[in-house]
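The lines below spell out each chain.
Protein chains: 2
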Amino acid sequence: MDRVFSFSVLNKDPSCNARLGRLHTAHGSVDTPVFMPVGTQATVKSLDPEDLQKMNCRIILGNTYHLYLRPGTEVISRFGGLHGFMGWDGAILTDSGGFQVFSLAKIREISEEGVLFHSHIDGSRHMMTPEKAIEIQEILGSDIAMSFDECTPYPVDREYARLSMERTLRWAIRGKKRHGKVDQALFGIVQGSVFADLRMECLERLVEIGFDGYALGSLSVGEPKEMMLEVLEKTLPQFPEDAPRYLMGVGTPEDIVEGVRLGVDMFDCVLPTRNARNGTLFTSFGRINIKNSAYVVDGSPVDPECDCYTCRKFSRAYLRHLYVSRELLAYRLNTIHNVHYYLSLMEKIREAITKGNFMEWRKEFYAKRWEQNEAELHFRG
Amino acid sequence: MDRVFSFSVLNKDPSCNARLGRLHTAHGSVDTPVFMPVGTQATVKSLDPEDLQKMNCRIILGNTYHLYLRPGTEVISRFGGLHGFMGWDGAILTDSGGFQVFSLAKIREISEEGVLFHSHIDGSRHMMTPEKAIEIQEILGSDIAMSFDECTPYPVDREYARLSMERTLRWAIRGKKRHGKVDQALFGIVQGSVFADLRMECLERLVEIGFDGYALGSLSVGEPKEMMLEVLEKTLPQFPEDAPRYLMGVGTPEDIVEGVRLGVDMFDCVLPTRNARNGTLFTSFGRINIKNSAYVVDGSPVDPECDCYTCRKFSRAYLRHLYVSRELLAYRLNTIHNVHYYLSLMEKIREAITKGNFMEWRKEFYAKRWEQNEAELHFRG
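Chains as they are written, first to last, in the UniProt record's numbering: chain H, 1 to 381; chain G, 1 to 381.
Be aware that a few hints might be false.
Since the list gives no way to pick out one identical chain from another, each pair is judged satisfied if it fits inside one copy or across any two copies.
As the list claims (entries may be wrong) - No farther apart than 25 Å at their CA atoms in a straight line, the calculated lysine to aspartate or glutamate pairs in the DMTMM-like style are these:
(1) Lys177 / Asp122
(2) Lys291 / Asp122
(3) Lys177 / Glu233
(4) Lys291 / Glu74
(5) Lys313 / Glu50
(6) Lys313 / Glu138
(7) Lys177 / Glu371
None of these hints come from the bench; they were simulated from the model.
Based on the provided sequences and hints, a complete structural model is requested.
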């Protein structure tokens, strides 16, 4: 059986490194640049698969760490994997659990073998290794699996960044060796913190091992935005042309626009879903907080330019009422809006690249926010 | 302009007092016996109007007390009423706030004028009177408004029950006098606690005043089930034939089956929605709790006989996982199932009455639960 996964670059913007591509997976094709909504525990929080389909969502992210702890692979394997368990037939990328083991688990011991950690749910002891991360992801049956990596903290000195990067490389080799699922792609993760030369060395050595795609890990973990941009600027041109490039855990709409400009194909972030639950909604003119008393009798939709279900059907006043009344419906309607915002942002980005005018589109994107003076303007172009 | 509201009895079961009817309202017609899902704060908790439409829900209940306190009539009036505010174009019945003032509000003083209470949200002081309850409901624009009543507590002595019933009657007269909205029906509420003669006297005097429908209040408030049934058995035959009969705040599926048998046309209860949020799901063979570890790897739907969205798409194992993981989606999927269960129960009841074999259907209804030994069997026939 041939490997099912493939990636093709369809178009490149003439004025920057933005590129249009297509992922082919065992669960359909996915146009890139793409944003993957985060479905940590076998659901994109508050949404069901039909909600996602209606937004033309084609790929979501699942969390190996969470799903391993609950409900566990024994349960999910009975359903033939995560797709069957949660009723989602689009594509799924699973992260390796690396990030969660380092950010969520209670106590840990990092060794060459792997990471010993205590479950954040019940304190039970578990060992995660590069091999185990692959085994779990094979059972989850995701379309794209990630190598188990050490999520390098920030700030970090150069010496530890190298140690951590070297360990991530050794783990990548072990994971690749164990991986055998032909309808599942395996991506390697580039570490090296904010040190561009370490990142480039890591990438080079990962490419030697050979992966279906290459990800940048441990960015947007506290370092100044400029440092993240510098790493992207220096390393992305070194990435293989014919493999997808995934910037993990990033980010704001502005982060995504800049990532695309520099050549990133794939993104994921909890921002749209988490913000929705905090009442922060993304709009074409920046963020608003729906709790704001300015919206008490406001009959207009969250974003007049948005055609999501929430904006077509409900007013700011109603959404505000639901939110301040802590009604469950608030979380779903807000999440629909925010996820739709991100997916539609990606659609506009792909359209701009198709037309070859991404930089022009980007200028307008910032101009609109600038006018409204409500946006975060980290990357004003 | 003629009054928009009307009610017609379409069929009567030959072997009991069950009857098939139809309410005609400004927002469509509603077949009875009907169950009205409770939408306390301008949403049936966790559901949106489309979810309800998909279940063929034609009427919901809104709470005057809650909506008056939040978001307030000033906000809702800007949207032309509750229908416009929440985006629901089916029928709405609003209760008068009587029950909530007596059960939720913090401190109160009952006088002939009305009830002085403190908001359960912010402690602010408010006076609710029979006139004000009508004014608010006219602004809410519900299709059916309820008279403001004193919700008689249980247990209560006969003397207080009479005092309370007399006050409710005087309040009913004041409310009726104030009511002027021609496309809104006004129902009177029969009080008198568990004393059937007081109930009958109250009913008689309400009928003299003249209302579009008659409700039984303060039942299922702690009295033994047998007492509730006795009140229903004695009083329902005295209700006007040509007006709808509404048993407020009741109840379990068994309560509803018995209410229908005795001649009730309308029901409402928080049970399906509240239970959903506690993980208790109604099925054709009784209640189950989805948290139960028996469902960890159970691939079957909640109820194999149910065709709701949740049962068509998701397994018990997945619903259990969502519930124990406290995922927001759990509440929505559980609520869809439970509300669908109640609405489909009413559909089966109407079908049985249409065929004139309600008592036979009822026997099967209990037999099934009896066999499974999981149901509450208060009313085993």
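Structure-based check of all given hints:
Proximity of Lys177 and Asp122 under a CA criterion of 25 Å is satisfied in neither setting, with 32 Å inside one chain copy and 62 Å between copies. When the C-alpha separation of Lys291 and Asp122 is checked against a cutoff of 25 Å, the pair qualifies only between copies, where the shortest distance is 17 Å, while the shortest distance within a copy is 34 Å. Taking CA atoms no more than 25 Å apart as the test, Lys177 paired with Glu233 passes in neither setting, with 31 Å inside one copy and 76 Å between copies. Taking the shortest Cα distances, Lys291 and Glu74 sit within 25 Å of each other only across copies (18 Å), while inside one copy they are farther apart (42 Å).
Taking the shortest alpha-carbon separations for Lys313 and Glu50, both the intra-copy value of 17 Å and the inter-copy value of 10 Å come in at or below 25 Å. Taking CA atoms no more than 25 Å apart as the test, Lys313 paired with Glu138 passes between copies only; the shortest distance there is 24 Å, against 41 Å inside one copy. Proximity of Lys177 to Glu371 under the C-alpha cut-off of 25 Å is found in neither arrangement, the shortest distances being 53 Å within a copy and 55 Å between copies.
Taken one by one, the earlier hints fail for this structure at numbers 1, 3 and 7, listed in ascending order.
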